[in-house]
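Engineer: Sequences listed follow chains A and B, in order. Quick note: our numbering has the first sequence finishing at residue 117, numbered continuously throughout. Quick note: our numbering has the second sequence finishing at residue 230, numbered continuously throughout.
Hints are supplied without guarantee of correctness; some may be wrong.
[Claimed, not checked] 30 Å max Cα-Cα, derived DSBU-like pairs, lysine-lysine:
#1 A/K41 with A/K14
#2 B/K188 with A/K41
#3 A/K14 with B/K159
#4 B/K174 with A/K41
#5 A/K41 with A/K64
No lab work stands behind these hints: they were computed from the structure.
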Amino acid sequence: GAVVSQHPSWVICKSGTSVKIECRSLDFQATTMFWYRQFPKQSLMLMATSNEGSKATYEQGVEKDKFLINHASLTLSTLTVTSAHPEDSSFYICSARQPAGWANEQFFGPGTRLTVL
Amino acid sequence: GENVEQHPSTLSVQEGDSAVIKCTYSDSASNYFPWYKQELGKRPQLIIDIRSNVGEKKDQRIAVTLNKTAKHFSLHITETQPEDSAVYFCAAPLSGGYNKLIFGAGTRLAVHP
Chain A
1 GAVVSQHPSW VICKSGTSVK IECRSLDFQA TTMFWYRQFP KQSLMLMATS
51 NEGSKATYEQ GVEKDKFLIN HASLTLSTLT VTSAHPEDSS FYICSARQPA
101 GWANEQFFGP GTRLTVL
Chain B
118 GENVEQHPST LSVQEGDSAV IKCTYSDSAS NYFPWYKQEL GKRPQLIIDI
168 RSNVGEKKDQ RIAVTLNKTA KHFSLHITET QPEDSAVYFC AAPLSGGYNK
218 LIFGAGTRLA VHP
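Pulled out of the complex, with its shape left as it was, chain B reads as follows (with noise of 0.2 Å):
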């Protein structure tokens, strides 16, 4: 089954900076890798998603890139806000139908003004 392994647990920079958060995933089939933001108390909200025949994907200060041979994806998000502070998953999909998504320990990201 897929195993996905999240880093850093926490994550804190100036307002600003940049922010890297990294997943390894297990499954060399996995073909789907997402990531979501969620604040507390709330739902996990996606904030950008890539597929495995793209290797970056870019939405205005977040992009996410895949590296499918070492199977790995990264998100970065530039240009950090304080309003970007939040628990950040990555996921990937356990083989064996319905797509089901396994999550990443989580990063908790704290921007600071």
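Okay, chain A solo, but in the shape it has when bound (with noise of 0.2 Å):
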């Protein structure tokens, strides 16, 4: 149980497009899920948490405009880069909570390697 997907794994995309990255709990219902970034050799910094049915709150530094979360169900929260740049190509990863009676612990998902040329 507590399987997290992500789609797509890796994508490609022209600077100032938009790429949107879907995060699913497959098998439990997640009301709150994380986003978090890893760039090569580096540990994974929390972006943001997606609360589902309302606003996802912000790590100190994320633009929240650039960064568009939205956690529309309890399986679903998507992040969407926004006129991306290069600087945004790293390593996206969702995790996702269990509900009340897991506590803490938070499953990931594969990830989304992103490239921005």
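Make the complex out of the two chains shown on their own, each in a separate frame, by following the hints.
Structural biologist: Spelled out as structure tokens, the structure:
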């Protein structure tokens, strides 16, 4: 159990275009999902917390107008990178928490490698 | 907010030796400390975690110890094998709800046959 999927697994786009990444919890409902960004040989940096039915909360330094998050259902959160630039190229990973009773454990998606040309 | 420091950044051991990775955290209210293993290009996978009501937890060759007074926790891998080679991350929750995790910088472990 506790499987999280992401789509696409990789994407290449031109500078200035927008890219949408989907994160799904396949066998449980996730009221809270998290989006991370990981540059090569670096740690996971939390970008934002996605809350079902409400606005996402962003970490300091993350532009909410550039990284649009929508958590429309209990099993799906989307991250849209708007007007992407080469510096946005990174590995984007989502995670989801199981419902109350399972406390803190987060389950990660397989990640999406974004390359902006 | 929480600050997590992890050492060493790289660790090289011979197969069969033990490996120890240490992390310190700053928020005394933190109560959950997971360790993740990440292979190149893959997702982080939880390998062991510990909650603040215990001082040690063991799962086969992997153990985690927690010292709440000193605010540090450590990952111990015994009888290392080449397949243990990966990047290991510790994490601690950021206060303020949602149990957001803050990750350490990572330790690249290389186990040589």
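Engineer: Determine which of the earlier numbered hints do not hold for this structure and return their numbers in increasing order.
Structural biologist: Of the numbered hints given earlier, the structure breaks none, since each of them holds.
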